[in-house]
Every structure is written in C-alpha cells, then in structure tokens.
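Engineer: Here's the letter readout for the chains.
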Amino acid sequence: MRFATTIIIGAGQSGLAMSRHLADRSIDHMILERGEVANSWRTERWDSLRLLTPNWQSRLPGYAYHGDEPDGFMTMPEVIRFLQRYAKVSDAPVLTGTRVTRVRQVETGYEVSTSQGPWRCRTLVIASGACSVAAVPALSANLPREVTSLTPLQYRNPSLLPEGSVMIVGASASGIQLAREIQASGRRVVLSVGEHVRMPRTYRGRDIQWWMDAMGAMDARYDAVEDIERARRLPSLQLIGTPERVTVDLNSLRKAGVELVGRLVGLRDGKAQFSGSLANHCALADLKMNRLLASIDAWVSANGFVGRFPAPIRYEPTDVGPNTSLGLDLHDSKISTVIWATGYRPDYSWLDVPVLDRKGRIRHDGGVVAAPGMYVLGLPFMRRRKSSFIDGAGDDAADLAQHLQLGLARAAA
Amino acid sequence: MTTTTTINAKTNNGVNVAALLGAREALEKAPEAAQFKWRASCEWLNGTHSRSTIGNFFGLGAEQSRNKNFTVEADHPQVFASEDNAPTPVELVLSGLASCLTAGVAAVAQRRGIQLHSVKATLEADMDIQGILGIDNDVRNGFGAIRVHFKIRADASEDDIKALVAQSQKRSAVFDIITNPTSVFVTVN
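From first to last, the protein sequence lines stand for chains A and B.
Reminder that position 344 of the first sequence reads as 344 in the working numbering, one-by-one numbering, no gaps.
Reminder that position 183 of the second sequence reads as 1183 in the working numbering, one-by-one numbering, no gaps.
By construction, these hints were calculated from the structure, which means they are not laboratory data.
C-beta atoms are modelled at their ideal positions from N, C-alpha and C, and glycine is treated no differently.
Don't take each hint at face value.
What the hints assert, rightly or not - Computed Cβ-Cβ distance ranges for the label pairs, DEER-style:
1) A:Ala231 / B:Ile1177: 27 to 33 Å
2) A:Pro243 / B:Gly1144: 32 to 38 Å
3) B:Gly1022 / A:Leu356: 24 to 30 Å
4) A:Asp219 / B:Gly1142: 16 to 22 Å
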C-alpha cells in the first residue's frame, strides 16, 4: 500500500492547479489520473468544440496563455497541449492510467483503491470533473429502439450519425452548437428548447467573458449570492467559440433552418410531446440577457468609460414564430438520432463515503466536503462564479490548499 | 436575505412572502410533506348544468380541512342549446389560468419588493368545435392556442414588470397543467 499526504483524483485544470498549490506548501501529494493529462478534454468532446472562454482567460497558477491570439478560442488539441505543458512545467506528480475504483474512510484518512493497486492518504481532493456523466431525463427510456440515442459526450461529428433527421434536446451551450453544426451539414434538425440563458458572444466591442471578468462578476462568491442553489443550477450560457466570434442564438438557428420546439415533456408510442411554454422560456431569456447588458452599460457609465466603447445596443427579441409544433411523430419525420444535450453531472460512483445528498450531489461548503480532509474542485459556482472555468481553478485551489494545510497542522498539534 | 426583507417591509401586496419562504425552506428538508392531493367532486344537476364542491385537501402530511366548502357551477351557453346557468368548463379553465398567473404576479412582486397598484388579465382562447362535435378527427377538442394579456400598474420599470409575468408563468401550476401533458385515469362505479 502506497501513501501520500494528499491524493488528488484527476489531472485536469483543477487537479493540476491544486497540485501546484500543494507543492508551493511542500505538501507531498499524488495525482491519480484514469487516462492521460486532460483526459476528459481528450476523450469526451466533439471534434469541432472550442473553449467557450477566450485564450487570455486561460490562466492557471504560475501559468497562462501567451500566444498570438488572446481573443481566440482553443480547439481541443490546443487545450490538451496547454494542460500537458502545465503539468510538465509544474513537474506535477501524475500517475496516469490509474483509475480510482473506490474511496473509503479509514481512521487516518482515506483508502483509495485503483486499477493499479491501493493507496492511502490523509486528505483527498476530488478533481475529476463536473461533466463526467450526461444527465439524461428518465423519459429517454421511452425512445423507440430504432432511434439512436446519443449524449454530447459520445457525439463526434455529423458524418458519423446514422442517415436521417436529428432531434436535439436542450438548447444550452452544447445543444445550440450541435444544432448549428448538424443543420449546416445538410440534415433536418429539431431543437427542443427549455430554460436557457441567451448571451451575445461580444457586446460593445468586447467578449462577453471580458465584461463579466472586468465587472468582477466571475469572482462573485458562493456565500454572497442570494440563492446559491439556483445559481448552481443555471444552464450554461448559449455560447460558442469560433474564430469569427459569432453569436449563436435561437433567432440565428431558426434562420438557418433549425426547427424550434418547446421542452420535451413526453415520449410515447414513438411520438414526442413538447411543452407550450416555449414563448415564456424565450421571454425569460431575453429579459435576463437585457438585465446583464443593462448592468454592463451601468458599469461603463459609473466608471466614466463611456467614450472607450461603442454605444449600447439591444438585440432583436427571440422570435420562434406563432406555430411551433407541440408534437412530433419520430417515425414520420424520419428522426434517426436523438441527442440529449440536457446537462452533465459528476460521477461519484466510486465514492464509498456518505457525503452525497438525496439527489446524488456532494455535500460541501465552498469545496470543503462534509467529511474530514475531503475537498472537491471544479463544480459550477462552487466557491465563485468562475469555479467551473479553467480560469477559476487557481483561486479555488489556493483557498482549499490553505484549508487543507490548516487541517493537517491541527491534526499534528 | 435580510436586505430583501427590509425592501419587502415597504411593499404590501397582501402576500406573506416570509411564510412562503419559510415553507420552502422547511419542505426542502422534508420533501415528503410537500406531497399534496387536490380534490373536487361534481354532481350533475340537469342538462349540461353541474355543480362541483371543493373542500378538503391533503398536504403537509395530513388532511387539511377548511371552514367551509366552495361550490363552482358550470353549464353551456344557449348557442349550444343549453340554459347558460354558469360559465362553460373551458371558461373555468381560462379563469383558473388567469387566477394562478395573477396570484403568481403578486407573490413574485412581493418577493422582489415591487408595489402593485393594479393587475388585470384578459384571456382569449381559440377552439375549433369541429373537434368536440366529432366532425373532423384531425381537429383537437381543446384549445388551439391561449392568449393572455396582462395590464399591470406597479412601481417598477417595464422590463421588471415583464419579468414578474415571466417568472409567474415559470412557477405556475395551471400554466404547467395546460402547457404539458398529464396522465388522466378515470374509473366508474
């Protein structure tokens, strides 16, 4: 049985950032990685995906993007290289090809079973990602057997889909990107739209992420927002990273030919049923977007920056047309594939410590898990709005590394 | 939370938001108490005229009784060769939707510290009665579409008022009942 004071599960941005902070504090540790560095980026992303945050925002402790295109968006191979280099320059102790199969509590900390034998540690950092499992609604079980069911974790590109039309369920970042790309490949695409967050890629000459960063919105803390549960449940922003910095919203998708329907609420006898709430979901998203744009305008004015940026504008309200369909016969409309872009969740199937709530979420206070010496990283709005972003890994890891070290010192005293 | 309460103290829409928030907090910890059963009974009077009685319901883990029973009558208008003793059931559905959304507007406004002065909803629904008459099987029995128009006077910007109505729809039971399918089980004797 091997031992490390701290074991970090996962060698992505969060695990590597934590490793850096632990090294700075001379805390001996080991990163256990089921595959290679940046494994999820390597194996669970579609071909065309680029980061949704601009290059300049890829900042990690002691490391950042320094290329020629600060406003560009990294492709997946670029993300993988970026993180590989980080692991190398940090000299991070990564054990690759080591899948954690079980973690259980022992008197002195945790026993970690892996595909390469057991480990023991006093403190444990879970950095295995917030998007390991696609959250697929229960009604997907009623999908006719002849229809191919995919999640965005499995989807690669349009040419690998079976011949026929495609229904995409969910219109957040994943759903709108897949709808755009599959429609452009010449297929009929039906996009089922529930609650979503509409967002222009750029506003007043800057990337939307630049504004959020400049206004301090990305640093907003979990213990300072009014309803943190709601903030954590918020769907991902309707954004895409492209060299042209295009905005993709429901209006542009509809113009491109994507058929918009309401939230999928029933699947019976080969027929899909959609909610009549689409107009309200769009109204909610338009109002929310306009509130953000108004807060940007107010910030610009309050700081005396009016002359520095182009004048404020407002975008066309979402128009889904008067006759959106409430039902679809999958067979008659030749739907051969359904893609469930209905969100993601972490995988804790290996975690044999009673720290999950009744909905399977890990119980934590800003990443400090409800078990001694256990931490989690990278969850949506975990400590800050940016917690699940590459740019958020550093600050969270710094806070938690400090907490972890204090815990070790107390135990030693 | 403290700041919201301070704002709310000045706003009075007659909604006890503190109690609602307290209930939400309590039910998050005890989800079984959140299981409610709503009931109604209905008796045929004559022709298309009927009277529903609404009284007890189940919730918070127990039978909940009221001080009195309510009655709601329904009938059909004279163009359907009926006596028009009461609204038609479909009009009661519109009334249910309007009341649910209006209550929601008041509650959300209270929560957001917005003082309401007047709220008026006007509803119209399309129906092709070839469906209920069995003339054309391709025509559904129910509404083709429902249009709701709110006229609201309140101490808030136009967008904030629109957001009240949008949030009210998001949290409305009747809006959900109408926009989404529900399984209905009917038994006899």
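Engineer: Determine for every hint whether it applies to the structure shown.
Structural biologist: Hints and how they fare:
1. Distance hint for alanine 231 (chain A) and isoleucine 1177 (chain B): a CB-CB separation of about 28 Å, consistent with the stated range 27 to 33 Å.
2. A C-beta distance of roughly 45 Å is found between proline 243 (chain A) and glycine 1144 (chain B), which places it outside the suggested range of 32 to 38 Å.
3. Checked against the hint of 24 to 30 Å, the pair glycine 1022 (chain B) and leucine 356 (chain A) passes, with Cβ atoms roughly 27 Å apart.
4. About 50 Å separates the C-beta atoms of aspartate 219 (chain A) and glycine 1142 (chain B), a value inconsistent with the hinted range of 16 to 22 Å.
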